[in-house]
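One line per chain: the protein sequences are Y and D, in this order. The opening position of the first sequence corresponds to residue 1 in the working numbering, with each subsequent residue numbered one higher. The opening position of the second sequence corresponds to residue 1001 in the working numbering, with each subsequent residue numbered one higher.
Hints listed in this document are in silico derivations from the structure and should not be mistaken for laboratory results. Accuracy of the hints is not assured; some may be wrong.
[Stated by the list, open to error] Which residues of chain D face chain Y? A few of them, derived with a C-beta cut under 10 Å, are:
#	residue
1	M1057
2	S1345
3	N1354
4	D1388
[Said to hold, decoys possible] Ranges between beta-carbon positions, derived for each pair:
#	chain 1	residue 1	chain 2	residue 2	range
5	Y	P440	D	D1296	33 to 43 Å
6	Y	A152	D	H1072	40 to 50 Å
7	D	I1449	Y	P440	54 to 64 Å
8	D	S1272	Y	K4	56 to 66 Å
9	D	T1020	Y	N361	26 to 36 Å
10	D	G1010	Y	K305	30 to 40 Å
11	D	R1174	Y	V360	16 to 26 Å
[Unchecked claim] Calculated pairs, SDA-like style, for lysine to any residue (alpha carbon to alpha carbon, straight line, at most 25 Å):
#	chain 1	residue 1	chain 2	residue 2
12	Y	K179	D	N1183
13	D	K1060	D	T1020
14	D	K1448	Y	T65
15	Y	K388	D	Q1355
16	D	K1270	Y	L447
17	D	K1060	Y	L94
18	Y	K19	D	I1376
19	Y	K14	Y	D428
20	D	K1248	D	G1320
21	Y	K14	D	I1376
22	D	K1448	Y	Y76
23	Y	K14	D	V1343
24	Y	K98	D	D1418
25	D	K1367	Y	L94
26	D	K1150	D	L1028
27	D	K1172	Y	S190
28	Y	K377	D	T1430
29	Y	K84	D	W1073
30	Y	K98	D	L1070
31	Y	K203	D	L1028
32	D	K1448	Y	V33
33	D	K1033	Y	K179
34	Y	K267	Y	F58
35	Y	K84	Y	E17
36	D	K1248	D	Q1355
37	D	K1060	Y	V479
38	Y	K28	D	I1376
39	Y	K377	D	K1248
40	Y	K461	D	V1343
Backbone N, C-alpha and C define an ideal beta-carbon position, used for all residues, glycine too.
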Amino acid sequence: MSSKYQPLVDNLRKTYERKTTIPLAWRKTQLEVLMKMMKEREDEFHTALQIDLGKGFFESWLTETSLINGNIQYFYDNLEKWMKPQEVPCTPMLLPAKSYVIREPLGVILVIAPWNYPFQLAIVPLAAALAAGNTVVIKPSEIATATSKALAKIIPEYFDKSVVNIVEGGVAETTELLKCKFDHIFFTGSPRVGQIIYEAAAKHLTPVTLELGGKSPVVVDETADLDVTAKRLAWTKFMNCGQTCVAPDYVLCPASVQDKLASKLEKAIEGLYGKNPRDSPDFARVINEGMGNRLFRMVKDDTEKGKAETVTGGKWESQTRYFAPTVLKNVTTDSAVMQEEIFGPVLPILPILDNIEDAVNFISERPKPLSAIIFSKDKKNQEILRSKTSSGSFLINDAVVHVSNHHLPFGGVGNSGIGRFHGPYSFDIFCNLKSVHDNPTFLDPSLRYPPYTKTEQTIIKYASKLKAPHIPQSLVPLVIGVVVGAVIVGSVTHPGGLAGFASQLVSKFI
Amino acid sequence: AVVSTQSTGGVTQPIEWRITQLNALHQLVEENKQALFDAVKEDLGRCAYETNIGELMNIKTQIKCILSNLRHWMAPRSVSTPLLHGKGLSTSHIIPQPLGVVLIITPWNYPISLPLDGIAYVIASGNCAVVKPSEISERCSALLNELIPKYLDNNCVKVVLGGVPETTELLKQRWDHILYTGNGVVGKVILRAAAEFLTPTTLELGGKSPVVVDRNVSMGVALKRIAWGKFLNCGQTCIAPDYVLVHKDVKDEFINGLKDTITSFYKDPKTSEDYGRIVSERHAKRLATLLDADRDKIIYGGDVDLKDKYISPTLLYFEGDAINNSQLMHEEIFGPILPIISVDSLEDSVTFINQRPKPLALYLFSKDDAMTQLFISRTSSGGLCVNDTLCHFSVPDLPFGGVGDSGFGGYHGQTGFDRFSHLRAILNKTTIIDPSLRYPPYDYGNVKILGYLAP
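Pulled out of the complex, with its shape left as it was, chain D reads as follows (with noise of 0.2 Å):
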């Protein structure tokens, strides 16, 4: 069943129905977090306090984000009116609308915050949405099912669960828009079929997000935020730093650093309560498969034990041409397998990220101010940190989203609200003053006049 908006009455326009909704969904975050937890737990293996940062904590900053900002962007948005059409008089104003019913589908390794930040964002511009998570975050699916229609309007948020069989029949609907964070071949088939109603869509898709660390470095920070962000949840991240290149004069500095911060986080990863799991053994053996083919080059790590899901931080060094061979380099790791290829000059590194599909993320660690206006202009991604890994997702006036094939459409922030929206332009144009020099028959002496008044 679908919701409608002929069948919502128009519920959903109201500022007041948007705000009651939006804090309903505050109130499922904040009243549920111990059965949130034990969710993800279940289906990840991540422990509470990385879904509490990484997931609760971001969607709570977004509705924060939303409530202070709703009624400032739900207004009309005034623009001036050019002289020949009666500026002063006429006025002229783009006025944001619901586009309608949404489709929300979601994956699989933040399947909390993924289906409730697009809820939030949906609501927000005044749709109907239809969630549908995944079916691999088993606990965490049936969860959302239980809670969502508790708190939010039942006419017009429904969660449909399944896996492709559902989703195919969810995809032969007419949708006003839909949202999709996912692979970049699933994606293909959402857009294909979006193509046949025309639907709108955002993919929020992949790749791989490189990490350089220049050798104008501030080392020691350096060394926690890429170890912290690589192995949040596992490495299982869209924008988790896939892999780094490092310039060769600090390579050791880095590498051995790099071991001993990840000692230092976990002593014994298998044991650690703060390290999380694979999400299944499928995916544990994708990843195993990955680091038997580059046994050779693992130079910390490499545990595998595929009943418990678990693969400890592995690291891998690649010198010179090597890692073009490696399988590593040729598809998004999404785990907490880290290669690390040694760089002659920032450069390098430049050339050899533009050789590849743009991704959903680009770490820099540098001091050097320069260096680092020249990184930014001279690379592309869908976003970037300076110094840091991770963080502009909870940024919530950064817009979220990729480029090329990392993605496109983001959302966040104002971004994200008129992603959802139609920006309908309005103009009221004025009757008391109606200039004859417009219409036909056409003076030709008064294009000068006209090349006046017009913009």
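Looking at chain Y on its own, in the form it has when it is part of the complex (with noise of 0.2 Å):
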């Protein structure tokens, strides 16, 4: 099957072959043109950020800018390190060959963008997928008009074709590009969407790393700070107007606690928007017409019929897509809002809970999400929540902040996606880990070979009872110590020093 893109693609893996993007100065060039290009267009993006979302500057900075920036100087300042062969212990039987891991890149990379964090979630993976020495298409979000406009302006005049490319375009066009073969697909997206890119990778054994989505719930109990919680989890609800993947979507909490909860979280929004958050510069906008609709809808059909009851907000103007943070209370598992990802600035509350236990199950029941938050006291139960269930990453007292921690690995598992990214996480996902095993030709014992005697047999038999220890690497440094202090220990205390010492060892086992 052939594709328009195939040229495009085929030059990208020229470069690749030409093995130019090996040499960490190269890869340190391309890092280094990204901070240029960061640096001098800035303002562009977050023009575009404001066009698109609504994002105020501070937000955008916070949230995409210096996510961004962050990324690329710590990218930067480990990949020599990164770069180096990992050694691993051999196995005794096989020494004294030398075992290590080198990363080497994979290729063409294929980023595909979402509209939530339109420039961070396609420039950070563009930054690793460099740094691990490979060539790159973006395919941003057509969702994010002006920012896939200002990516597919300003990128060609930092970067070469023949190195980085931006496809814009929407459904036809990505799947025009996934008719050609990639080495590595980076996906954002949805469930549903990731389904269908990592069936079009199958064709060509491809593999992906797919940061989906869910419904990430959190657990407030009767211990929690609810002053704290309140202020929490309004901020990283409604920032970006509740269009975070890792957004708190749905609470669930004691109906003891509940109305004290909710008229926190009400004081709490005006607290962070003031008295109307349509007038605040810090509050976002929802993406489009569509999405709005859907989300407006959603809250109309649950509080017409009763599943729903609104606490503040519920306010949508299409046509300056302002959706007013909303809170809604007493609501029930069957309604509207319970049953996808909400995406939006919308904060159910399901006064379900009697015990821990009713959460763990709850949650259990439904596909692993991409975060879980439990906003409690109590450690029993912050335990319980965290053992007994599984989701992408966990959080205790606090929501979505996790992501700017480039040492937590950053992902979902189940529906929720599949590999890791963020700090060396992204640089192993974009490589190839090649195993190497170094064999020196000086020691070559013929039991290996054919024929097999039956002496061989014999000693190969008992061999294998041997409990040849297999040092753990943490042990290894001991091991070591204890057999370098041991000679020197004997060679000090021997009347004829190294030289007696290691001929009475010799004579007393040989």
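Using the hints, put the two chains back together into the complex; each one sits in its own frame.
So this is what it looks like as structure tokens:
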């Protein structure tokens, strides 16, 4: 199946095949160019984000630009270390061979970015892929039109088409792109589209990283500090107008906590955005009319059918794409808002928690989410929820912010995704971890080769029984230290020094 | 019937359970050696010595590695928390969690170690397993079906026997991970089925693993190790040396030496106890057809006895571009047939290799360190051995897997443990401090401060 993008991909593959991308210097140069681009064109990207998502400068900086800059710098600082061979212990029976792992480029990477963090989720994978020595195609989201245009205009001014290429478009263009063979596909988006990408990748045996979504539950118990809870919950829910993959999706709490929590949430929202969030420069907008209509319909349906009660918000202005920060209480499990990932500024509270096991059962009955959150001071409850549920990430007394810690792997499990990103994980997914076994030739015991004599069979039989210890990596330095120490002590205490000690050992064992 | 972790009541989580299962697996191998040798002999005609060093010892090595490291691998991995999120007061960890139920589909060529190796790592990560061993290695699969329920927890590890229809049925279910070892054609089918449920997969496929013999080489050792790697299991190893690229300056020495080496190994391969057989008449026929197409290139061996599933160790020699017309270069050989191609330089071999799909393994025989490093950096493969063949498979701390058409996702060692785990990120945030500059209304003057606090 030929694709109109085949020449473009072939061109990128040629660069990889020429091995231009391998040296550290080349990769560092690409990252430096990216840093330059970020410094010089930051404003244009912020403007695009303002147009697409109504995001104010501060939030754009906090959730996009600063993360991009932080990641690029992190890759830059660690690249040389990551590129070094990683030694591993060799099986005692195969000594004195040397064993190590080398991280090498894969080839051509396809990055498909979503519309909610359209800048960050295009540039951070780009940076990681370049750091790992690959060439890249980025397909930005056609829904974040201004950001897509900005990327298509700005990136070619810094990168040659033989290194990074931007393909704009929607379903048709993506389908066409997927006919080509890539060496890895990095996709951020919905589980439904994730399946389509995965299937397309299967045709070429292409590995994928899928950063998907789901409904990230929040459990609030009686011990939670409700003031801190309300503030953190409100901010992490309503930033980017609720359009964050790891945003708190819904709240489970005891009936006794609901009203207090709801009223503190209302106050917290006012504290963040003022009496009229429409006028706050810090409150973003829904990406488009379609998404806003979807949210409005869900809320309307549920409140009219008695499946939810509005605490605050609910207003939708399609012309300005303003959707008020909305909190619902007494929400039922069969409500519309509980049937799909909300991905908007609507926070349902379900007052159905009698004990922590209820939360465990509720969450475990549903697809594994990208994030699970508990607001509680009770260490036992925290531990129960953590150990009995599964999710991409788990947060205690906060939400979302783990995304900015490079050292924590970011990703989903089950329906919420495949693969890990951020920090060193970003580098690894775009590499081939090549295992190398280097066996010197001076030692070559014949019992390895045919003909297999009876004597050799006996030797192997007993050799395999020998509890030749497999020294765990963590203990190797200790073992070496003990052996070296013993040799030093032996040599120092022996009247003949090292030579005398050595010859005594030899005469004893041979 | 599919195992579900709900039904096992979280039994697989504690380290005690995992250790018990791993020890039981070790016992299964120890206590049934003869039965295992006999089953492999019947299915593959492979001698006990090779089954011992090629399969049983490998499983034991992997289990030992897991047992020594399991506590450490399972432990929460602490990472640093940025200043902005309360470094020192908040904590950040990565905690490995089981995925759930893993489907393991294995081939016929290492019919004991591949299923048990997979089970070992899947159990180590606290999962349940369903194993579908190959229907082609009938006797071995039947033996595993008999032994596994005797040694391992029946609620958590199950064996399903069968062929394509049974596998198709299994693939209609939702799994938490699929480990498939086999060929690329079926690999794509597995992957498409996995896509339906967004199931992560590990594909251990194959390809043509090249051997490169440089002119600056320890010839004696090279000859033995190449012959050993090629003819072990009668060439039916996913990482077997598929073909040789030899420097023209040492080509004669190599070819003559290789003939002598093979003779020294087997004398008369047909009657040697140490030489194996092809798994089935159908596979033997495929190899015989390949040989017939290039009869004029055979320089050693070439004997075929289809009824006995016997193909003698066979060498072919190709000069110049002749190799490009040979069918031998268009499929993974997977048998005791070794094409030898003369090249003018190490550079030429790099070009030759890079024009073809990335292999599962690559072997370089050379004494020149600089050339070795260059070779390693300019080619790509799942694994690579310098001055040896096959052995990287049994170094437990080396991840074993492919790249490109040879597969993706490695396992063994900690990579294996992590592969079948979900590495969950945990942030425990302090409530003692809660800097207001994080929240709206945003004061743009705070950008600089945040820049210092944020990573």
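Structure-based check of each hint:
Checking M1057 (chain D) against chain Y by beta carbon gives a least distance of about 5 Å; that is within 10 Å, so the hint holds. Nearest Cβ of chain Y to the Cβ of S1345 (chain D): about 17 Å, over the 10 Å cut. The hint is violated. Evaluation of the N1354 (chain D) hint against chain Y yields a held restraint, the C-beta minimum of about 6 Å falling below 10 Å. Taking 10 Å as the C-beta contact cut-off toward chain Y, the hint placing D1388 (chain D) at the interface holds, the least distance being around 4 Å.
As the Cβ distance of P440 (chain Y) to D1296 (chain D) is approximately 39 Å, the hint placing it in 33 to 43 Å holds. A beta carbon spacing of about 48 Å between A152 (chain Y) and H1072 (chain D) agrees with the range 40 to 50 Å that was offered as a hint. Taking 54 to 64 Å as the suggested C-beta distance range, the pair I1449 (chain D) and P440 (chain Y) conforms, at roughly 56 Å. The supplied range of 56 to 66 Å is met by S1272 (chain D) and K4 (chain Y), whose beta-carbon atoms lie about 58 Å from each other.
The hinted range of 26 to 36 Å is satisfied by T1020 (chain D) and N361 (chain Y), whose Cβ atoms lie roughly 28 Å apart. Take G1010 (chain D) and K305 (chain Y): their Cβ atoms lie about 38 Å apart, and the range 30 to 40 Å holds. In this structure the hint that R1174 (chain D) and V360 (chain Y) lie 16 to 26 Å apart at CB holds, the actual value being about 21 Å. In summary, the hint linking K179 (chain Y) to N1183 (chain D) is supported, as the alpha carbons are separated by about 22 Å, within the 25 Å threshold.
Proximity of K1060 (chain D) to T1020 (chain D) is assessed by CA-CA distance (about 15 Å); at most 25 Å being required, the pair is judged to hold. The straight-line distance between the Cα atoms of K1448 (chain D) and T65 (chain Y) is roughly 13 Å, inside the 25 Å bound, and the hint therefore holds. Distance hint between K388 (chain Y) and Q1355 (chain D) is unfulfilled; the C-alpha atoms sit about 50 Å from each other, more than 25 Å. Of the pairs offered as hints, the one joining K1270 (chain D) and L447 (chain Y) holds, with about 22 Å between alpha carbons and a cut-off of 25 Å not exceeded.
Straight-line distance between C-alpha atoms of K1060 (chain D) and L94 (chain Y) comes to about 14 Å, which keeps the hinted pair within the 25 Å bound. For a cut-off of 25 Å, the pair hint linking K19 (chain Y) to I1376 (chain D) stands: about 12 Å separates their Cα positions. For the proposed pair K14 (chain Y) and D428 (chain Y), the alpha carbon gap of about 22 Å is at most 25 Å, so the pair holds. Restraint check: the Cα-Cα separation between K1248 (chain D) and G1320 (chain D) comes to about 11 Å, which is no more than 25 Å; the hinted pair holds.
For a cut-off of 25 Å, the pair hint linking K14 (chain Y) to I1376 (chain D) stands: about 19 Å separates their Cα positions. Note on K1448 (chain D) and Y76 (chain Y): the hinted pairing holds, with a Cα-Cα distance of about 21 Å set against a maximum of 25 Å. Using a Cα cut-off of 25 Å, the hinted pair K14 (chain Y) and V1343 (chain D) holds, with the two alpha carbons roughly 24 Å apart. Restraint check for K98 (chain Y) and D1418 (chain D): satisfied, since their Cα atoms lie roughly 23 Å apart, inside the 25 Å limit.
With a C-alpha separation of about 19 Å, the suggested pairing of K1367 (chain D) with L94 (chain Y) holds against the 25 Å cut-off. Annotation: proposed proximity of K1150 (chain D) to L1028 (chain D) holds, straight-line Cα distance about 9 Å (limit 25 Å). Distance check on the hinted pair: K1172 (chain D) and S190 (chain Y) sit about 22 Å apart at the alpha-carbon level, within 25 Å; holds. Of the supplied pair hints, the one linking K377 (chain Y) and T1430 (chain D) holds, its CA atoms being roughly 10 Å apart against a limit of 25 Å.
For the proposed pair K84 (chain Y) and W1073 (chain D), the alpha carbon gap of about 23 Å is at most 25 Å, so the pair holds. Pair hint K98 (chain Y) plus L1070 (chain D) holds up; C-alpha atoms about 23 Å apart against a cutoff of 25 Å. Between K203 (chain Y) and L1028 (chain D), the direct Cα distance comes to roughly 39 Å. Violation of the 25 Å bound is thereby established for this hinted pair. Taking the CA atoms of K1448 (chain D) and V33 (chain Y), the gap is near 23 Å; set against the 25 Å cutoff, the hint holds.
Simply put, K1033 (chain D) and K179 (chain Y) have alpha-carbon atoms about 49 Å apart, too far for the 25 Å limit, and the pair is violated. With a CA separation close to 22 Å, the supplied pair K267 (chain Y) and F58 (chain Y) stays within the 25 Å bound. Our distance criterion of 25 Å between C-alpha atoms is met by K84 (chain Y) and E17 (chain Y), whose separation comes to about 21 Å. Restraint check: the Cα-Cα separation between K1248 (chain D) and Q1355 (chain D) comes to about 20 Å, which is no more than 25 Å; the hinted pair holds.
With a C-alpha separation of about 22 Å, the suggested pairing of K1060 (chain D) with V479 (chain Y) holds against the 25 Å cut-off. The hinted pair formed by K28 (chain Y) and I1376 (chain D) meets the criterion: a straight-line CA distance of about 21 Å does not exceed 25 Å. Pair hint K377 (chain Y) plus K1248 (chain D) does not hold up; C-alpha atoms about 74 Å apart against a cutoff of 25 Å. For the hint linking K461 (chain Y) to V1343 (chain D), the alpha-carbon distance of about 42 Å lies beyond 25 Å, and the restraint is violated.
In this structure, the earlier hints numbered 2, 15, 31, 33, 39, 40 are contradicted, and the remaining ones agree with it.
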